[in-house]
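Participant: Full structure from sequences and hints, please.
Chain by chain, the residues:
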Amino acid sequence: MRATAAGPLRMILAPVILGLAALAIWQLAVVGFAIKPYVLPSPTAIVEQLGRAFPAVWSGTRVTGFNALVGLLLGAALGILFAIVSALVRVLDEISLPIVTAIAVVPIVALAPVLYTMFGAGAETTRQLIAAIAVFIPVYVNTLRGLRQVRPVHRDLMRAYAATSWQATRTVTLPGAVPFLFTGLRIASSLAVISALIAEYFGGPVDGLGRAITSAASFSNNALAYAFVFGAIVLGLAFYLLTLALEKFATRHSPD
Amino acid sequence: MSDAVTVSGASKVFPLARGQQVVALEAIDLAVAPGEFVSLIGPSGCGKSTLLRLIADLETPTAGTIEVFGKTARQARIDQDYGIAFQQAGLLPWRTVTANIELPLQLHGVGKGMRAARAAELLELVGLSDFADRYPDQLSGGMQQRVAIARSLAESPELLLMDEPFGALDEMTRERMQDELVRLCAETGAAVVFVTHSIPEAVFLSDRVVVMSPRPGRILEIVPVRLGGSGKREDGLREATEFFAAVTAVREALHGVPSADVRGVPSADVRGVPSADVRGVETR
Numbered sequence: 000m001r002a003t004a005a006g007p008l009r010m011i012l013a014p015v016i017l018g019l020a021a022l023a024i025w026q027l028a029v030v031g032f033a034i035k036p037y038v039l040p041s042p043t044a045i046v047e048q049l050g051r052a053f054p055a056v057w058s059g060t061r062v063t064g065f066n067a068l069v070g071l072l073l074g075a076a077l078g079i080l081f082a083i084v085s086a087l088v089r090v091l092d093e094i095s096l097p098i099v100t101a102i103a104v105v106p107i108v109a110l111a112p113v114l115y116t117m118f119g120a121g122a123e124t125t126r127q128l129i130a131a132i133a134v135f136i137p138v139y140v141n142t143l144r145g146l147r148q149v150r151p152v153h154r155d156l157m158r159a160y161a162a163t164s165w166q167a168t169r170t171v172t173l174p175g176a177v178p179f180l181f182t183g184l185r186i187a188s189s190l191a192v193i194s195a196l197i198a199e200y201f202g203g204p205v206d207g208l209g210r211a212i213t214s215a216a217s218f219s220n221n222a223l224a225y226a227f228v229f230g231a232i233v234l235g236l237a238f239y240l241l242t243l244a245l246e247k248f249a250t251r252h253s254p255d
Numbered sequence: 000m001s002d003a004v005t006v007s008g009a010s011k012v013f014p015l016a017r018g019q020q021v022v023a024l025e026a027i028d029l030a031v032a033p034g035e036f037v038s039l040i041g042p043s044g045c046g047k048s049t050l051l052r053l054i055a056d057l058e059t060p061t062a063g064t065i066e067v068f069g070k071t072a073r074q075a076r077i078d079q080d081y082g083i084a085f086q087q088a089g090l091l092p093w094r095t096v097t098a099n100i101e102l103p104l105q106l107h108g109v110g111k112g113m114r115a116a117r118a119a120e121l122l123e124l125v126g127l128s129d130f131a132d133r134y135p136d137q138l139s140g141g142m143q144q145r146v147a148i149a150r151s152l153a154e155s156p157e158l159l160l161m162d163e164p165f166g167a168l169d170e171m172t173r174e175r176m177q178d179e180l181v182r183l184c185a186e187t188g189a190a191v192v193f194v195t196h197s198i199p200e201a202v203f204l205s206d207r208v209v210v211m212s213p214r215p216g217r218i219l220e221i222v223p224v225r226l227g228g229s230g231k232r233e234d235g236l237r238e239a240t241e242f243f244a245a246v247t248a249v250r251e252a253l254h255g256v257p258s259a260d261v262r263g264v265p266s267a268d269v270r271g272v273p274s275a276d277v278r279g280v281e282t283r
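Just so you know, the sequences run in chain order H and U.
Position one of the first sequence corresponds to residue 0 (numbering that gives the first Met the number 0), numbered consecutively onward.
Position one of the second sequence corresponds to residue 0 (numbering that gives the first Met the number 0), numbered consecutively onward.
Derived by calculation from the structure, the hints in this document are not laboratory data.
These numbers come from a predicted model, not from an experiment.
You may find that some hints are simply not true.
[What the hints assert, rightly or not] Stretch-level coverage of chain U by chain H, calculated; a stretch enters the list once three of its residues show a Cβ under 8 Å from a Cβ in chain H: (1) 36 to 46; (2) 133 to 145.
[Unchecked claim] Example chain H residues on the side facing chain U (calculated, C-beta under 8 Å, incomplete): (3) Thr-43; (4) Glu-47; (5) Gly-50; (6) Arg-51; (7) Ala-52; (8) Pro-54; (9) Val-149; (10) His-153; (11) Ala-159; (12) Tyr-160; (13) Ser-164; (14) Val-171; (15) Leu-173.
All C-beta atoms, glycine included, are put in the ideal place defined by N, C-alpha and C.
Facilitator: Below is the structure:
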C-alpha cells in the first residue's frame, strides 16, 4: 500500500537526461576552451582509455571489490554479534559505548599506515580490516537500535502469553531487528568500498583501483585515472544497489 | 463454579518523578460471572485500561487482590486462562495472518497440524479465510483487528480481555465488528471484559456497563443493560427504544446524575433481565 510519487518514466528519465547534459557540457568545455588533457580530460578521452585499459580496470575492480566484500561480511558479522551481546548484557553496552563512539569518530583510514606495518605491505589484510572496522559501526548501531525497538504492544502480548525470555527474543526481538540490520548494512556498503579503496592510497600491493588511480595520476595520465575512477563508481553503485535490494526485501512487510 | 474475574479492593498507584504519585485506581470491587460481558467505560484517566491490565497481570495491584477463575491473576496468566486484544492489533508484520493466529499456540508447544487446523477454524470464524497467507500490511485496519481477535481466541479462553479493540476503526467498520463480537461471544460462551470510550458500543455489547470516574479511578455505578437477550443482539437493536434508554442511563451515570428515578427511565424497559442476573448494581 505504498504510493508511488512520480511516474517511473519521469523517475528514470530525468536523472539520465541531467547526466547526459552534464557530460555534454563537460565535453564542450574541454574542447571549446582547449583544456589540456593533464588538467581535465574530456569524457570521450576517458571512454577511449576505458576501452583500451578495460582488462586493467576490471582486474582492479575485482581486487578492490573483493577486499570491500570481505570487510563488509567481517564487519557485519562482528557488528551483529556485538549488538546482540550488548542488547543482552546492559553493562557491556555501557562499557563499550565510549569505545564504539571513539571508533565512530576516528577516520578509520588514518589507521592504514600503522596496519600496513603490522600485517606487511604485501597482504590485502589491512584493506579488508579497514573496511571491516568502517562497516562495524553502522551495522552495530543500527542492529542494536532494532533490538531495543520492541513495540510495547508486542511486549504486553509476550507477557500475556507467559512467553519465556528466549521465546520473546526469538519471536519478536530478533525478527523485529532484521530491517534495522539491513538498513545498517546498506549504509555500511558504501563505506566498505570507500575504505577499501582509500586504504590503497597508503601502501600495500599494487593491484587495486586505488593504487591504479594514484599511479595513473602520478604519470599525468588523467584520462586513465578517470577510467579507474569510473570503475570505482560502478563498484560502489553495485554494492549500494545490492544492499538496497536486500533492505527492500527485508523490510517488505514492515509498516511504513 | 467460581467467577471469571473477582476484583476485591484493588488499588493501583503509579509513582511519578520527585516523589509524586498518581492514583490510577482506588479500592475497586468487581465480579464478572462466567460468560458475562462487562464493559468498562469512563473518561480518559479513569483507570479502565489499568483495571484490565491488572486482571491480565500486565500490572500488579498496589493493594487488594485479583482472582481469575479462582486463581491469582499471575497463575491465570501462566495457565493462559484468558485471551487478550488491544487497541493496536499488534500483529507481527513479518508473519502471515495464519502464522500470527498460530503464535500463542506455537509458544505453548501445540503441534504443527493442530495449529494449522485451529487457525483455519478461527479464520473461518472471523471471515478471513481468503486472507490466510497475506501479511498484515496487506490488510485494512478492521481486518487486522479481526486477526488480532482470532488470535485472542486461539486457545479457546473462557475469558477475553479487550482494551478498546475497535477504538481506531471507523464507525461503519466498528459496528460490523461489534456485531461479529456479539456472535463470537455467543458461539464461544467466553466472559468478556471490554474497555471502551463509546457509550453506544458498551450498551450494545454488554450485560453490564461499569461506569468509572477519574482522579482517583473509581467505579461510579454499574448499569445492567443486557438488551435483546444474549446472542440475539442484532443491528436493529441500535435503533430500538430500549437501546436509547440504556444509552441515556449510562450517559447520566457518567455525568453523575444521582438516581435511577431522575433519569426517568422505567427500570423494566432498560433492565429486561431477571433481578437474579443483576449483580452488584451499586458499588458505593
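Participant: So, for every hint listed, does it hold in this structure?
Facilitator: We went through each hint and held it up to the structure:
With 0 residues carrying a beta carbon less than 8 Å from a beta carbon of chain H, the stretch 36 to 46 of chain U misses the three-residue requirement, and the given coverage is violated. Coverage of the stretch 133 to 145 of chain U by chain H holds [criterion: at least 3 residues with CB-CB distance below 8 Å; count 4]. For H:Thr-43, the shortest C-beta to C-beta distance to chain U is roughly 49 Å, which exceeds 8 Å, and the interface hint is violated. The interface hint given for H:Glu-47 is violated, since its Cβ lies 50 Å from the closest Cβ of chain U, which is over the 8 Å cut-off.
Checking H:Gly-50 against chain U by beta carbon gives a least distance of about 47 Å; that is not within 8 Å, so the hint is violated. For H:Arg-51, the interface hint is violated, since its Cβ never comes within 8 Å of a Cβ in chain U; the closest pair sits about 50 Å apart. With a least beta-carbon distance of about 47 Å to chain U, the hint placing H:Ala-52 at the interface is violated under the 8 Å criterion. The beta carbon of H:Pro-54 comes no nearer than 45 Å to any beta carbon in chain U, farther than 8 Å, and the hint placing it at the interface is violated.
Look at H:Val-149: its Cβ only gets to about 11 Å from chain U, farther than 8 Å, so that hint breaks. The interface hint given for H:His-153 is met, as the beta carbon of that residue sits about 6 Å from the closest beta carbon of chain U, less than 8 Å. Annotation: interface hint on H:Ala-159 holds; nearest CB of chain U at approximately 5 Å, less than 8 Å. Because the closest C-beta pair between H:Tyr-160 and chain U is about 5 Å apart, less than 8 Å, the hint holds.
Nearest Cβ of chain U to the Cβ of H:Ser-164: about 12 Å, over the 8 Å cut. The hint is violated. A distance limit of 8 Å between C-beta atoms decides the matter here; for H:Val-171 the minimum to chain U is near 7 Å, and the interface restraint holds. A distance limit of 8 Å between C-beta atoms decides the matter here; for H:Leu-173 the minimum to chain U is near 10 Å, and the interface restraint is violated.
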